[in-house]
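Undergrad: Residue numbers (the UniProt record's numbering), protein chains in the order written: chain A, 1 to 699; chain B, 1 to 210; chain C, 1 to 193.
Hints in this document: simulated from the structure, not taken from any laboratory. Mixed in with the good hints, there may be bad ones.
In silico DSBU-like links for lysine-lysine, alpha-carbon gap of 35 Å or less [stated by the list, open to error]:
hint	chain 1	residue 1	chain 2	residue 2
1	A	Lys653	B	Lys46
2	C	Lys11	B	Lys186
3	B	Lys178	C	Lys182
4	C	Lys169	B	Lys186
5	B	Lys126	A	Lys203
6	B	Lys186	B	Lys126
7	B	Lys46	A	Lys646
Here are a few chain A residues that sit away from chain B, every Cβ distance over 10 Å (derived from the structure) [stated by the list, open to error]:
hint	residue
8	Leu257
9	Glu322
10	Leu367
11	Val427
12	Asp496
Idealized CB from N, CA, C, for every residue including glycine.
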Amino acid sequence: MKLSYENYMNLLFHLDHGQETVPPDIARRIVSNAVSPVITVSSTPELDRHIRDTYHLDSLYMFLRFFGDCVSDRDQANEYQPLRSKEEPELVAEPPSKADNLIENSRKSSLKVPSTSSDTKNTTTSTSGTTGGTRKRSNSLFQRDQTQSQYVRFTRPIDDLIESSDSNDMLFDYHSLEVFLENTLRLVEEYTDDNTPFELLKKSLYHKFFSLAISSTTYLSPYETFNHPVVSLIAIDISAGQGYEEARDLLIKFKNLNHTVENFPIFMSTGDILPVFLLCYNDESEDEQNACQQLANQLKKQLFVESLLLPLWKRSYSDHGEVELHQPIMSSLEEMLYFLQSPTPTRLPLQLINVTYNILEKLVKDLMVPFMKRKISFWEETILQPRKSLFHGANFFKKLMSKNSNGSNNHQPISLGKDKNGNEYFVASSTEFLMRKLADWSMMLSDFKTAYSTYESLVHDLENFPKYLASCFEWCAVSVLMGAQNIVTVKMIKNDIDPLIQRALETYENCAADEDSTGEELYVPVRSYETRCMFLASELFLSLSDTWTSTPYALNSLETILTECRLGPCSEIMIWERLSDCYYQRIDPRIRHKTSAQGAKAMTDELAPDEESNEEIVTRGLTRKRKAAFFRLIAANKWVEQKQWKQAFWCLKEIEEAYAGLDFVNREDLILARLKRQMNEAQNNVDESSNQTVESGAA
Amino acid sequence: MVNLSSNMKLIFDVETPSYKQGKRFRNTIVRNPSVMPQYFAIIGKKDNPIYEAEFTSQQGQQGQLQQGFQQNLKELNAFILHASLDIVEDLQWQVSPNAQHGRGGLSGGFLRSKNVNNTDNCYLGKVDHFYGLAITAYITYGGMKLVMIHGGPPNGNTQIDDNMVKSFYQEVHELYVKTLMNPFYKVNEPIPSPAFDSRVRALAKKYLNR
Amino acid sequence: MSAPAQSKSLKAIGEDTWKNKTEKVNAELFTLTYGAIVSQLCADYDRDFQKVNNHLFSMGYNIGVRLVEDFLARTALPRCENMVKTSEMISKCAFKIFLNMTPQVTNWSSEKDAFSLMLDENPLSDFVELPMDAMKQLWYSNVLSGVLKGALEMVQLDCDVWFVSDILKGDPQTELRIKLNKVLKDEVPIGED
Chain A
1 MKLSYENYMN LLFHLDHGQE TVPPDIARRI VSNAVSPVIT VSSTPELDRH
51 IRDTYHLDSL YMFLRFFGDC VSDRDQANEY QPLRSKEEPE LVAEPPSKAD
101 NLIENSRKSS LKVPSTSSDT KNTTTSTSGT TGGTRKRSNS LFQRDQTQSQ
151 YVRFTRPIDD LIESSDSNDM LFDYHSLEVF LENTLRLVEE YTDDNTPFEL
201 LKKSLYHKFF SLAISSTTYL SPYETFNHPV VSLIAIDISA GQGYEEARDL
251 LIKFKNLNHT VENFPIFMST GDILPVFLLC YNDESEDEQN ACQQLANQLK
301 KQLFVESLLL PLWKRSYSDH GEVELHQPIM SSLEEMLYFL QSPTPTRLPL
351 QLINVTYNIL EKLVKDLMVP FMKRKISFWE ETILQPRKSL FHGANFFKKL
401 MSKNSNGSNN HQPISLGKDK NGNEYFVASS TEFLMRKLAD WSMMLSDFKT
451 AYSTYESLVH DLENFPKYLA SCFEWCAVSV LMGAQNIVTV KMIKNDIDPL
501 IQRALETYEN CAADEDSTGE ELYVPVRSYE TRCMFLASEL FLSLSDTWTS
551 TPYALNSLET ILTECRLGPC SEIMIWERLS DCYYQRIDPR IRHKTSAQGA
601 KAMTDELAPD EESNEEIVTR GLTRKRKAAF FRLIAANKWV EQKQWKQAFW
651 CLKEIEEAYA GLDFVNREDL ILARLKRQMN EAQNNVDESS NQTVESGAA
Chain B
1 MVNLSSNMKL IFDVETPSYK QGKRFRNTIV RNPSVMPQYF AIIGKKDNPI
51 YEAEFTSQQG QQGQLQQGFQ QNLKELNAFI LHASLDIVED LQWQVSPNAQ
101 HGRGGLSGGF LRSKNVNNTD NCYLGKVDHF YGLAITAYIT YGGMKLVMIH
151 GGPPNGNTQI DDNMVKSFYQ EVHELYVKTL MNPFYKVNEP IPSPAFDSRV
201 RALAKKYLNR
Chain C
1 MSAPAQSKSL KAIGEDTWKN KTEKVNAELF TLTYGAIVSQ LCADYDRDFQ
51 KVNNHLFSMG YNIGVRLVED FLARTALPRC ENMVKTSEMI SKCAFKIFLN
101 MTPQVTNWSS EKDAFSLMLD ENPLSDFVEL PMDAMKQLWY SNVLSGVLKG
151 ALEMVQLDCD VWFVSDILKG DPQTELRIKL NKVLKDEVPI GED
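Use the sequences and the hints to build the structure in full.
TA: Structure representation (structure tokens):
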């Protein structure tokens, strides 16, 4: 079985895959997942109680959050491990064969860069079933991977999110990130021994860390819409007798959130969120099935809202094996932390999992994506097209136009509004914000070309709004890196992409400086976005095929993070290690061909560390192996400072080869020897203390 | 020619971006800013040093503690130097007809020229840096790498007087050639000669730590 | 033939021969060739430097006995009537022609039968630095002693030739001592005396 995206991201729990290579395109997958549409889940207390009674989960949200990430990958179902598979092979084939096929096919498509058309066809017809499938865009400059639009993230109800947020929230907070890392490292300590293959695990840890630093499902930024909900699931419990009345009330409540919720952000509008009813019922009761069907029709006719039917209960579910669920890849940092610190294993029936995935696929394919596309084309027609055709993006005319069309001399009051704290934002209905949304949603749907051109044209409108501008620059660059990955050239990086990133960083920097001077805040929220920008840039640069050209830019970003961001010690070491990875990947394309055929095969995204270990004269100067070793050494030193012995041990192991036989770096008075001594001492201390406990126990 | 105080966003620094703030290095190096130590080594073909020296300023009165690298850097120096060899080797093979000292595009290099037939183009200038330390290099035609870490002031980049450093390297190169001519010296082995050592130190004093 | 030669100073003869009648080789090649021999001998004799000295001496002797023929043929110089003359011949002509240097002649013994050549430069030992273990015993340029010994013997002068000091060993100067034991009379052709 090939290493899946999910297995890689949670590699610690799949150590049997520890010796494989990093999945290709991992950075793009993570970014796609990080900006994937957010679905809020609100449910009635009755439903939550019912779920708690049957599945020991606090709410429907707690249930659904496990099904986030790449829906078509069906990761949770893959957790199923038939223990008696050898004795009873039939049992393995027991789950619905259709679902099985789905898994197979989606797996294929998600792990390969889409290339062969036959493969693609196969996937689309089988996965999308009735919808007819999304057509693949043919050889567009901006290539898209169709699995990218299948990622989703679940989050709590909007009112809940708004209540718990505060305008000083950061995208992620450095401290939580650090605590998360510490906890993860503790787990690593627990799950591994000295013989565990660690290279891939370390990379996986970094990517996990990276994914948390670039995404949030809890904080609603006024400057971008990636974390704003796209779909709102409204769930009722048919088994508990809930029906039209409850559904209608919930919908009304949802529609009126704008007014009823205090502090409802002026930059959000429930009008841009698709409400979908989720009718949960017991599959054994025909009455309930019929009731659901009827209710769905009624809701559609009278409230114009689609419904999905989820057979949440069925006695026979438990007959077909249970699956222990893993935590979703993209979850909020707070949730991650919570579950790391108080792990509560969750088990669900395999069948229910498959059924849920079926429903979710329907939600994504039949409702969410079409909804987003409709909205996008609506915005394109009403906002983008008139501007383009009339004035060709000329700034001067645009200003004229907005003045005239608004019929007033001041164009700002229409677009801008103040929230209760007196902060001024573009309101949800403003042209600027809708364009931003258009771009962001195109990003979510992997239409990078539209995203790019929209961000680019938006840049001119936002010149006077640095916070909006910074994010716009950032995502303009990201959309190129995501979309034009295979055709990015040195010139493009130098003339287009890097300047965009630099401008984004400068703009962020200025914003942060402004806030620094006015407020007394220790952490300025915009800082976390600046950090994210550098993280994104580094990983995406690193994922380009010509690593020789692109790694310097990745290095640049990472080193700036180290110098400028207030990350915790472990987070910093992660970056030191990543610097080392970068140097490892810096290989001149000319000597790649010199490497063995099998090496060339593995050379996709990340490089196996022992590639071309047989040093040839031609490789001299065309790699940065010594640099890589050096940064690994620094990391080792810092791990020792943090008393993270396992991590230090791994680092030292990785550089063993690089420094072997070099007398002058192995001298007793140098750092390498010192670290080894410290490691031994620590080891001895551990041994002694364990001996002592044994002795005392014996006594 | 080589403006080392330049902004880190310059293209050259893309190779290995500089740390803007040296102060972030824990155990900050505190010393008289006008007196910088250097760690110098001649590296052979198998990454083996055939000569190593740490130069400290001898300006102070006798008995006064000499200004050297702090312990945390001392134990790291060899590694910093080793790490920069990748870049030296990279620059070594870059032959370009319009080569001049300076930054030629993204490759970020001091390119070697075929047209210059003295040892001017052996000097590669600043090739690398680490936390405010600058690393300069010089490569002999026989492929020996002369590399030096220049200690810097606690904050900001180390300033390097390229002409002085180049002269230092060239004279050490000459000394090295003489050493090679010594029939008792085995090529690629450490240079044991105390005379060589004292001559190199004299040169260091002359050019680097005046 | 002999009359004009005598009228010329020895110095002039030496310089003239060096300039016009001598094929020259690259000094570094020469130095390195000799150096290679010495260091190889050191290795071959397991760093028994006494043996190396002896071997260098005998190599020199073998060179000397041949070289003197060449020297005389080239310069067509007459016999020397005493050691003072001999010393000047060695310094101003022989050393000049073969090594392009003119060692200073000093330290005459009271009997005028022994003198020293001070080599303020030594093309054999350019670039050389003795390894620590060789400092005490090795006479790096001992081949010169042998050459002189062999050459003088061929002109009926039985001499002892040895190094007294060597800059390579940390001495202030390099001194080569030549002491006449006896003139080999029996080989002097009749009628010349």
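Undergrad: Failing hints, ascending?
TA: Checked against the structure, the hints that fail are numbers 2 and 3, while the rest are satisfied.
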